[in-house]
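**Q** Spelled out, the chains give:
Protein chains: 2
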Amino acid sequence: MTTDAQDNLPSAIPSELAGKVVISVDAMGGDRGPATVVAGCAMSARKNPDIGFILHGRVEELEPLVAKRGLADRCVIRDAREVVTMDAKPSVVMRRGKDTSMWSAIDSVRDRQATVAVSCGNTGALMALSMVRLRKLPGVSRPAIACLWPSRSPHGYAVMLDVGADIRADEGDLLQYALMGASYARNGLDIARPRVGLLNVGTEEHKGRPELKAAHGLMAEAAAVSDYEFIGFVEGGDIPRGEVDVIVTDGFTGNVALKTAEGTASLIRDLLKEAFRHTILSRIAALLAFTSMRRLSKRTDPRRVNGGVFLGLNGTIVKSHGSADATGVSAAIKLAFQLAQAGFSDRLAARVASTSPLRQDMP
Amino acid sequence: MTTDAQDNLPSAIPSELAGKVVISVDAMGGDRGPATVVAGCAMSARKNPDIGFILHGRVEELEPLVAKRGLADRCVIRDAREVVTMDAKPSVVMRRGKDTSMWSAIDSVRDRQATVAVSCGNTGALMALSMVRLRKLPGVSRPAIACLWPSRSPHGYAVMLDVGADIRADEGDLLQYALMGASYARNGLDIARPRVGLLNVGTEEHKGRPELKAAHGLMAEAAAVSDYEFIGFVEGGDIPRGEVDVIVTDGFTGNVALKTAEGTASLIRDLLKEAFRHTILSRIAALLAFTSMRRLSKRTDPRRVNGGVFLGLNGTIVKSHGSADATGVSAAIKLAFQLAQAGFSDRLAARVASTSPLRQDMP
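Same order as they appear, the protein sequences are chains A and B.
Counting along the first sequence from 1, when you hit position 148 you're at 147 in numbering that gives the first Met the number 0, and nothing is skipped either side.
Counting along the second sequence from 1, when you hit position 114 you're at 113 in numbering that gives the first Met the number 0, and nothing is skipped either side.
Take every hint as true, because none was put in to throw you off.
As the list makes no split between identical chains, a pair holds if one copy fits it or if it spans any two.
Result set (DSBU-like, lysine-lysine): computed pairs, CA atoms no more than 35 Å apart in a straight line:
id	residue 1	residue 2
1	Lys97	Lys135
2	Lys206	Lys97
3	Lys206	Lys88
4	Lys97	Lys212
5	Lys19	Lys135
6	Lys19	Lys67
7	Lys46	Lys97
8	Lys135	Lys206
9	Lys135	Lys212
10	Lys135	Lys88
11	Lys272	Lys46
12	Lys19	Lys97
Treat the hints as calculated values from the structure; they're not laboratory data.
Whenever a hint applies, use it, and build me the whole structure from the sequences.
**A** So this is what it looks like as structure tokens:
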């Protein structure tokens, strides 16, 4: 793995969790409540002996769940009385959310008790709170949400950003997304020299909006210093094709593309189920194909690619789907663990610092 | 079917094709050459006794193909010596393309010998030539390309536009897209009162870019007069969900969404094939599931949803995929036939005229 910076482990790990890689978890967010979140933590804990948790939420609800899952020696509970609801307005949460489990989970990262936090809660509120509590990294003007995208690449996934932190991005933001996305691909997917592409409606250099043409120039210039390969413009169809590791776009386009792909996959899944139910022969076929189909659905299961990562802040936040079940929560925690273990937050900060301000003055 | 205007049949049908619904076909465009295009015409001709063709291209190549397919009495051939290549620059074709089959095919619509033309050629050149030869409809500032999208709706498809005619669209353009898309859904999909949605990154009214908020207001106001149901903002995941018939967006976002969906479907198709090849049991399953899988692939086969339609010009152009085989060409021609038969070009023109200029002065 390429070294982005020296590992700076969090400085204030609770003594109960000494020696562990500590993940801060908002235990109350999400549609399914704390039992599902704690179950997800337990799944991850079984697989990774090095992981430890700071759980945030109502202590009287969390204590029995932690005891039931045998997590008592891997967990510290921080009592937080309030919960951010899925329909809460971000502006209201920013003003009055001080006692929520989400606020508390972010503050454990702010206080360097953990370097990564996980929440299944309201995305808008989580982004807004993360911005005010963690602050943007110096040199970053718009943080981004990065997601993993199933692809034909040998690593199995591509990174796409921004998928919805902001609806705008100018050429400087897009360059920052390239740097942050490349760092994420190095630390999250273990790709030494990620191939970075800029999403457009054609691959010819003269195509697209003015900010895309400007970003094309900036990203090409920064590639050598920032240790990624710039492959130029890519189109929507190239995202899963395996020839690009990091797809850079504004948060409007990225969000539409992500949700369109999820909708398409879900339509095909349903049509496939219908096709298999249609005749007796096809029902028998479905039985015979069971393990093959399971392998396929494992590959494309959104629960296993669970976790949008907020990049560009002083600390890393993993946003799990609100409807995630224990498997989904566990996937988000696994991602958080991997990023925390790699010292990702500090590596990313160092990377962004080393390449700011924008390199208009480069030779 | 709702009446958009009186049917104005083309005024200058060649006498050999009297009584037919005439489609103008660029026989030389496309990756597979004229034999494939003529084969596609023959497939359509077998299914629709009312269809007639004006074929444009090199007469010495087309005549034997037409004879071989038994199409001589359903066809008029217009000799055109040149072919627009797939990598030709639109600006060059506009200046020097007078002798191409594409130019000639569009001019048959311009001369009202046909109301709809079909080409498998270069999209950029086809759009540029269509703009200069047919001119924009009065009141339309940006023409759009509309595509059909497999969906769970009872009609099986939704219409999305713009998917790539222009990379920009302001609120007035988006309103025009709503009117044109609704007219297309009425005439192409037989939906009396289409449900129209505006693509955004969330469904709350305060979300999204300023032009989207403005377009939301305009589209809501125009709904009653223009005989569609406005369902407000929709997200990427809603496109195939079956609760919207017409999805309105700018050509940049629409193009990315379309290609992302195609890429996703293609990835899943490949993974599915791999899954079925994996074990002996799954190979047997694949055999048993054959008809079911065929039913599924028929439903999602891009060849059967072949045809981006250029809207907003004096006449209608159907753009078939460049790589279309005979089945794909036949699908594009079927769509052209349906639109020509419905008197779509004139209905659309009347619809746009009746609702221009923008209704800022509405009560």
